[in-house]
Structure formats: structure tokens, C-alpha cells
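These protein sequences, in sequence, are chains A and B.
Just so we're aligned: 41 in numbering that gives the first Met the number 0 is position 42 of the first sequence, and the numbers increase by one with no gaps anywhere.
Just so we're aligned: 231 in numbering that gives the first Met the number 0 is position 232 of the second sequence, and the numbers increase by one with no gaps anywhere.
Just so you know, the hints here were simulated from the structure itself, not pulled from any lab data.
Built from N, CA and C at the ideal position, the CB exists for glycine as well.
There could be a bad hint or two in this list.
[As the list claims (entries may be wrong)] Each pair of labels, with its calculated beta carbon distance range:
hint	chain 1	residue 1	chain 2	residue 2	range
1	A	Phe141	B	Lys89	52 to 60 Å
2	A	Ile207	B	Lys95	15 to 23 Å
3	B	Gly11	A	Gly245	40 to 48 Å
4	B	Ser106	A	Thr237	50 to 58 Å
5	B	Asn5	A	Gly245	35 to 43 Å
6	B	Ile202	A	Thr237	19 to 27 Å
7	B	Tyr107	A	Leu175	38 to 46 Å
8	A	Thr205	B	Glu81	18 to 26 Å
9	B	Ser106	A	Leu175	41 to 49 Å
10	B	Gly11	A	Lys6	35 to 43 Å
11	A	Phe9	B	Ser106	22 to 30 Å
12	A	Ala152	B	Asn61	56 to 64 Å
13	B	Asn61	A	Leu175	32 to 40 Å
[Claimed, not checked] With the Cβ distance kept under 10 Å, some of the chain B side facing chain A (calculated, not the full set):
hint	residue
14	Gly48
15	Tyr88
16	Leu100
17	Asp104
18	Ala139
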Amino acid sequence: MLNTLLKMEFKRSYKSFLIWSSIMVATLIIFTVIYPLYADIFEILPPQLEVIMDAWGGKPDNILEYFSIETASMYFMVGPIYASMLGFTLVSTFEREKSAEVLYTTRVDKKYFYISKIIVLFVLLTLFSLINFLASYITMLFFDTNTEVVILALYFLMMNITFIVIGIMSFTIALLTKPGTNPLISMTLPIIFIIISYISKLSDNTIITNLKYLTPLAFSDATTIIMEKSGVEWLNLTIFTAISVGLLIFNYYKFQKRVSI
Amino acid sequence: MIKVNNLKKYYGISRGIEAVTLEVKPGEIFGFIGPNGAGKTTLIRILMGLLEKDSGSALINNQEVHMNSYEINQDVGYLPSESNFFDDYKVPDMIKFFQDLREIDSSYSIELIKRLNLDVSKKVKELSFGNKKKLGIVVALMHKPKLLILDEPTTGLDPLAQKAFLDLMLEHKKLGATIFLSSHVLNDVQKVCDKVSFIKNGIVILSEDMDTLKEQEHKKVSLSPIVSLNLEGMENRKTNSATFEFEFHGDINALLKELSQYKLKDVTIRDVTLEELFLKYYENDIHA
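Bound-form chain A, shown alone (with noise of 0.2 Å):
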């Protein structure tokens, strides 16, 4: 029964999976492929714009560095607008399309409905980090051989755990809002992250800098784990890991009382 349900889900989120990596992939490598030029920039930089470069981590030294800091920015935006859009959409569509009213008629608990989509839900979004971490670092070996693979599979890791923390939270937003709802409505969840993130690294303000902790994005900041070789905001990655486990049992007994028509 979950493997006829989990086939079902699998078929249909495989064409937007497809889309989302595809396009996810290609800007990866377009942004890698220019590092020579950027490097080139980067030797003629001025004084006054390498100040403003320190805020985002300082002028990178190799091909991996220029990716935490340029390549990643593009990864940090458009992967957690997938993540919520999946997230939103596992609970959404039966409840547009009008099919809930049959599937959820049939003989089979609706808890297995629930965990078939939290499993496409975390192998989808470790797919997609996946595929976008073995085609960047295929990218960044045509330039230079010695690149750390470990520390970028670190970032590409925690940037999966955000991902998930991400397509968590909108599936619960997907189960407080009313059926019908329009799934862009979830995007406004990453994009108010990315834009909490960037005030974070726009001043020295104790603060302001600890802006970044109200988001998932803090322990996955590709500056700290690849430029600056901090290591992950274990604190960070362990909140915000508890509150994706206490969503899931929130959303499990949430999606049973759910009336979906």
C-alpha cells in the first residue's frame, strides 16, 4: 500500500524535480565556468570594493572559495524556493485538483498518505542537493584538481538538512492555511529568510549579525563552512532540527484531522 502511494508521488513530482535541477544545475555550472574571468576581476579589484567584498567573506583565493562566495549565492536562492514550493505542494494538490475526495474515501489510513510524502519530501530535496553537488564539483575539477570535495560536500549537506527544515515548514503552512490555497503563497517563507540573512551580513551590529540565527540558513552559510573553514552553527543546526522533528509530529496528526475538501 505506501509503495503504491510513494510510486504515486514519485510520478508526479518527478517533471517539477526534473525542471527545478535542471535549471538548479545550469546556473551552477554557467557560475563556475566564469570563474577564470571573475579571478581576472578580482586582481584589479579597488581598494574600496574589497572592503565590501570582506562582508561576504573576502576575495576568494581558489575556484571553491569564488563559489562560496558567487556560485552559492544563486544555490541559497533558488533552493529553498523549491524546497517550499515541494513542501506546500505535497499537501496542496489532491486539495486543488479535487482528488482528495476519493483518495482519501479509500480503505487506506490517511497516516500513510502522510508518511509517503515526507519521504518524497526528503529523498526528492537530497536528490536535488545530489545532483547539484556532483555538478559542481565535476564543474570545479576542469579548473582546478585539488578542490576540498569534503568541506564542499559539507556545505551541499547542510544546505540539504535546510532544504528539508524548509519543505518542513511549508508543509505545516500548507496545513494551516485553507484548502485552495495558491502554493506561492509558501514562497514567502524562504524569500523572508533569505532577506533576514542578508541584513545579517549587511553590519558589524552584535544584533543585526545575530539575525542569522532566526533562520535555517545560518548553520548552512557557505562563507563560514567553505571560505572561512568555521565549521557548521551547531546551535543553529541543532534549533532548528528540533523544530523540524516537533513540526513532523505536529503535521502527522495534523494531516489526519485535516478536512481536505
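Following the hints, complete the assembly by docking chain B onto the known chain A.
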């Protein structure tokens, strides 16, 4: 099979159902009749575990229904008033999905597809309203459930599909199924139902066996040419250019004996139709 007692459901301040009480016995085909907004779909959705009731009780097989009552739905087939499936699926894939979900083989589904003449070459999004309804019927019947709950099952079907559907209902009844259906097509209800309930403004105002209903009600009589007739039990006399019509509540033998004294070209004596009964019960609403 289904027992509903004083069931009430409001959506905020707007009424879904006010006080519904009815009983559907095993093996019966039960027609649930009412105008739009009377509360038919609300009752059906509560029975299917899609909505939570406010008060009262609703039982299927002596088990109280509730949200996500999947254990009660094991042997229930459900057809909503609008059949919606996955637009991106082909029809055979959609049917296979439900077969897999119910862990049944395809033999009866294939028979249903043939009998309803369902177009299986298209994607769901390319189906007409009527073909989507046929797909809904296949999905509801494919596992030969003991209880069928059908909301407006014949709406949108062509006459051939309607006949095929009504034949299927009678066959499932023979197999021991209980069928609860709401419909606006009162002619269909009259053809197959053993019992009917009328719902008005969220309240069941009549629940009766079809046979009893017919016996209690009058006959419609139409005579041509016009004759001067006066018998006990004649009401609502109407004279057209060539025919004389009236309702007759009295002894049918007395009527026949009286009619035999006239030289008539045409005589029609028939039971009142369900549609006429419906109009009788709801005409105040219609005029309002």
C-alpha cells in the same frame, strides 16, 4: 447498514444539515432526494469521514463514523458528485492505481469499462464530464463493495450510460450490496430505489418505502374525450381542449366501473411520479 440520528453540521454560521435522521437497511437501494443546498452532500461527506459532525450520530455497520474512518471504508465504494482524479494520468494508469491501493485484480474493472463504454485512450484531463463520471463509477464499484455511497451518480451520463449504470445498481443489489444514492434525476431513483428520503433545509421531511409511497398517494387520470364525471376521491380537475385530467384518491375499481359506461378514445391511469411528489413537497421553496 447506515443509521443516522439527529445529525447536525454547520460550517461556521451557515447550515449544512440541521437534523437528519434516517436508516438504510442491508440490501436496500435508498434514494436521498432534495434540492441544491438542502444538505445531501454534507451528510454523504460525514458518512465518508471527510467532515466532522457537530452533534448527533452516524453509524455504518454499527460503527460511529469520524474523520479518517478508513477502517469503516474498507468495504465502501464512494462516488462524489464531481469525479476528479490526477489530470496527468492516463485512464488505465488511474484505474490501476486504485486497483493496487485496494489490492484487487483487474477483471471486474475491465468489465465495468466495457459496460460503461469508458474511453481509456485518453489522459484524465482530456475526459469529458460524463467520462470522468464513468471513471468515478469504475473506481467506486471495482472492488464490489458491500456498501455504495453515490452522490449524484447519473448527472452528466448519456442515456446509454445511465441505463448501464442502473443495471449495475440492480446487479450489485442482487449480490447483496446496500446502495445509498442522492440524485436529481428522479426518474432514475424511481426505477431502482426501494426507499426514499426527502431532505429540505437540512431536515429529513419524509422517509418512506417506494411501494408505500405509491399506495398512499393518488393516481393521475387522463381521459379523452372530455366526459362529465363525478366520483368520490376526484380532485384537482383540469380540462384541456381534448382531455380531462384529475387526481383520484378513491377506490380504483369504482373508477373503472364508472369509466366503462363511457365511450372513450383514450384512458391513462398512472401512479404519481417521484418528480411530482418532489414538486409537491418543495413547491413552496420553488415559488419563493
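Checked hints:
no.	hint	result
1	A:Phe141 x B:Lys89: 52 to 60 Å	violated (43 Å)
2	A:Ile207 x B:Lys95: 15 to 23 Å	violated (56 Å)
3	B:Gly11 x A:Gly245: 40 to 48 Å	violated (30 Å)
4	B:Ser106 x A:Thr237: 50 to 58 Å	holds (55 Å)
5	B:Asn5 x A:Gly245: 35 to 43 Å	holds (40 Å)
6	B:Ile202 x A:Thr237: 19 to 27 Å	violated (57 Å)
7	B:Tyr107 x A:Leu175: 38 to 46 Å	holds (41 Å)
8	A:Thr205 x B:Glu81: 18 to 26 Å	violated (57 Å)
9	B:Ser106 x A:Leu175: 41 to 49 Å	holds (44 Å)
10	B:Gly11 x A:Lys6: 35 to 43 Å	holds (39 Å)
11	A:Phe9 x B:Ser106: 22 to 30 Å	holds (28 Å)
12	A:Ala152 x B:Asn61: 56 to 64 Å	holds (58 Å)
13	B:Asn61 x A:Leu175: 32 to 40 Å	holds (36 Å)
14	Gly48	holds (7 Å)
15	Tyr88	holds (8 Å)
16	Leu100	holds (5 Å)
17	Asp104	violated (15 Å)
18	Ala139	holds (8 Å)
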